[in-house]
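Listed below, chain by chain, are the residues.
Number of protein chains: 4
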Amino acid sequence: MSIKDKKIGFIGLGTMGAPMARNIKKAGFSLGVYNRTESRAEAFRDEGAAVYYAPWELAEDCDIIIIMVTGPEALLEITGAIQEVLKTGKTVINMSTVSIDATMQAAEIVQSRGAEFVDAPVSGSKKPAEEGALVILAGADSRLLDELQPLFESMGRDIVCCGEVGYGTRMKLVINMLLGNMMASFAEALVFGRRTGLAFETILQTITAGALGSPLFKIKGQAISEGNYTKNFPVDLIFKDLNLVLHEAGKVGTPLPLASATREAYSGTVGLGLGNEDMAALVKYYEKIADIKIVDGGK
Amino acid sequence: MSIKDKKIGFIGLGTMGAPMARNIKKAGFSLGVYNRTESRAEAFRDEGAAVYYAPWELAEDCDIIIIMVTGPEALLEITGAIQEVLKTGKTVINMSTVSIDATMQAAEIVQSRGAEFVDAPVSGSKKPAEEGALVILAGADSRLLDELQPLFESMGRDIVCCGEVGYGTRMKLVINMLLGNMMASFAEALVFGRRTGLAFETILQTITAGALGSPLFKIKGQAISEGNYTKNFPVDLIFKDLNLVLHEAGKVGTPLPLASATREAYSGTVGLGLGNEDMAALVKYYEKIADIKIVDGGK
Amino acid sequence: MSIKDKKIGFIGLGTMGAPMARNIKKAGFSLGVYNRTESRAEAFRDEGAAVYYAPWELAEDCDIIIIMVTGPEALLEITGAIQEVLKTGKTVINMSTVSIDATMQAAEIVQSRGAEFVDAPVSGSKKPAEEGALVILAGADSRLLDELQPLFESMGRDIVCCGEVGYGTRMKLVINMLLGNMMASFAEALVFGRRTGLAFETILQTITAGALGSPLFKIKGQAISEGNYTKNFPVDLIFKDLNLVLHEAGKVGTPLPLASATREAYSGTVGLGLGNEDMAALVKYYEKIADIKIVDGGK
Amino acid sequence: MSIKDKKIGFIGLGTMGAPMARNIKKAGFSLGVYNRTESRAEAFRDEGAAVYYAPWELAEDCDIIIIMVTGPEALLEITGAIQEVLKTGKTVINMSTVSIDATMQAAEIVQSRGAEFVDAPVSGSKKPAEEGALVILAGADSRLLDELQPLFESMGRDIVCCGEVGYGTRMKLVINMLLGNMMASFAEALVFGRRTGLAFETILQTITAGALGSPLFKIKGQAISEGNYTKNFPVDLIFKDLNLVLHEAGKVGTPLPLASATREAYSGTVGLGLGNEDMAALVKYYEKIADIKIVDGGK
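Here the protein sequences line up with chains A, B, C and D, keeping their order.
Sequential numbering of the first sequence, starting at 1, is according to our numbering.
Sequential numbering of the second sequence, starting at 1, is according to our numbering.
Sequential numbering of the third sequence, starting at 1, is according to our numbering.
Sequential numbering of the fourth sequence, starting at 1, is according to our numbering.
All the pointers check out, no bait thrown in.
The list cannot tell twin chains apart, which means a pair is met if one copy fits it or any two copies do.
Only pairs whose alpha carbons sit at most 16 Å apart, straight line, appear in this in silico EDC-like list of lysine to aspartate or glutamate: (1) K251 to D291; (2) K25 to D46; (3) K251 to D236; (4) K284 to D296; (5) K7 to D61; (6) K4 to E147; (7) K26 to E47; (8) K4 to D146; (9) K126 to D278; (10) K218 to D278.
The hints are simulated quantities; they were obtained by calculation from the structure and are not laboratory data.
All of these numbers come straight from a predicted model, not from anything done at the bench.
Chain A extracted, bound-state conformation (with noise of 0.2 Å):
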């Protein structure tokens, strides 16, 4: 059975969720959806999607079932519930982003049945995910990765194939902590250039034409000259991403010296109340200890 016959089914419709099943339906793909609040699901069925009320239910109907929900809590919750129905043929993608542990103790419930498990984590955030442009990090055999190729693009511009199952979640840390030291390196490089009576704008502009210029200074750079800090990702989530690399780090006996520092300038963010803040908010807690408004005036 090619993969365009199968069956999709998606569980988890939040702000990532929602866009990335309508593009599944979108790219041609048999849908059924699930969502714990039901009214979101209600809204697919005038796209053309099935609607369950409950994940066995569609775990039972569907070929392929995909989860996006938030946490390790919400995966091993949603695992347990559709564990009795999942058999051989049948396939989990976790899209989640959850630790190391959780991701492995979904996949051995789910092999234990005789199905297959995907570790597939995203890259993006709400735009990708509507533009159907998020980079996905996936985690299985590349036979299987091949397979659900089809599928992947229907979501993702990219598909980067990171190694066995777990090594999604992988490079999802990896990736958070390099996100996590750059907007530090950034945060430190604007703070200290207006400590020495450079113009934001003009550092800003500089940073972003040169070698070093990234999409990420650009976005959060924008952001910051406009004092919007609604979160796109926020300062807990960062935070909690950075320790659960140290975590990880510490279990193989990796020095992570930025990482450690940029942990450390979090912890002080979220010391300042600025937790569902934007992660660009960290400009915040540089301005205190630097004493120095970032934005207004300059030279």
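Position chains B, C and D against the provided structure of chain A, taking the given hints into account.
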């Protein structure tokens, strides 16, 4: 007198200076050159440039004197040597990277003779110098910078007006601090990813594909992949710049935890005897402390 | 009933627990003991202690139950096992080092039965345990601590009332954080001094002679001098405690840059496979990153 | 000629120098003094010392010349001023704290005249200077140090022979690095403890009671408790020393992660305008970043 009618003198025809001078000539300016090692200057004669045998001869004959030498001592030596022939109507542009103090000392000497001074260090290495694609970080009043625009455009793709004299140098320090922090952040991502079992090429591909991607990561990733640590920008120089950054930050009491952690990592790299390799050799220090090979093997 | 008339039960007769129990007996208290490995308990019979074969038997028979086990799991297991026989008039004292969360869970179980709970972890290792010279960090209301004073004095030289239940554990984390930071500070002084060419013994003598001298530096300096890394307090445990400290600090958003740098250095020490050596083995990590032998030779 | 028959000249009668010179006289040596501000020297006349009005007059007349001034510039100025009258048989002892470079330059000047040079910076502040209880960190060959022993004993309680000329200064840097790291470790313990709700006095009592206790923690704890930040050793000086340490460590490529983190914390303290307060004012920086008062209140 329009800038196109002015005579440009270029002092310092090294790896960066030679292509910069050549681009000035190509843009149609009248060019004179001086270099301590005469043979390098002679090569310009066939290209139609006037060759001088002492800095003061060049400075006497030219309207705009560009200095592109290595370090503060050389800058102050040249400035001292040409001091006597400077006068109102002449402009001295220092494009070498030096400390803020050295910049201000050179400016004072030049201005005390009634001449004008501009600091305009560049961001970019050999290749952008050849292609006239440097980023020029200029400090001077905006009227003067406007006037010099056509001259700068012959060498650079982006000309950033950073503020008064001294602010070009400040911006250069900000950029090189960010450069160091990003290199260390990149090295940590590679070493952490490798320790969790991910393959080097996969990590590199994922980093460069998404919002964290920057030309720097592509270039240095390629170099690490090939084991090519031939210096573009050596460990010794980025270490020197990080020390300079921390010195300046200390003067204004601005804590820079990441820059400081990066400085320690580069200190360790120097300790391994790698001062003369490219700044990407930082990964060798990380390989040592984490006991892992970044390139070979992987899952 | 005076405390001298109460029956004391001691659960956990390990390296620390055995001498602590013995000191209680010596001070004239009526003592009962329980240990998972029975032979260790049997040894107390000749000394006049009652020996129990289940924690609940001990808890049923004794007025004050002291728990000295390793880690939160063991504490909660014991607390669960004795829960049924606890009642008003009985007191449970946990002297094991565990997390704040585990302490509070144990307290809740005990208090829900109408019994009283005290957390009283100790600072000090085998030798002060034998000499009755521990520092006891006690958390409970002061009336209860006053009553327990004679009992604590049989084991400790200093009894610190840290506040309500949970505050003994908090103090233990503060002390162990300082312990880690001081060990790392000491290692840096040794490695830096040796790299400048100073002799190890001279550095050690100078440090211990002045205002910076502490018993810790004498003891660890001696051990390093002898190359004796037999664990008093192993790398794995101080690393675990530093992780716990950073976890607690993160919950209240308190940046701890030194503790965080110390944690990374210990992470590297774990990475060298030294987790089971004494915490002083941190110097071996520093020797590696600085490429110097701390002990032999010197100028 | 025995040392007791030699004429001792003391240059620099400041807070430290005056009591040191006085103790030399009390020990029965023949003393001559010089101070830039003459009145400070005049005060010694009544005590039986010879007073000189120029450094070279003192150096011409005395066998052993002790220099106790502030910083490398003053040392090199004095050394230059006495150079002409130095000759074989005379000894110059620098007891000021300066950089290794300045020490070696002064040594070269003195030795080029056939005289002998000793570097002997001291550890300890005003009170031990008055009590003749300084720790003297001496660099010179051991024969010379043996000969000078009675002189050093008049000023100090411990005389440490650190190695050849320059090694006294190296040891001073090691000690002050450890001093900085211990102060920062102490501040972190206080701020973390306070954030978990512990009372300041209880934390202080616990730290000073056990194996981590040092005279430093007692003294600084007392000062913090009283809010007394009158400088014994000011923030600006410990910050300067930490910069010097990192500079020297960078020359030999030795990473010092804690010293570097301590330096950043002191940089932030300088940024708060506290450079002229005692080094214990570091706690004010920690109070700021952790948003907590260390002294008042507490549970």
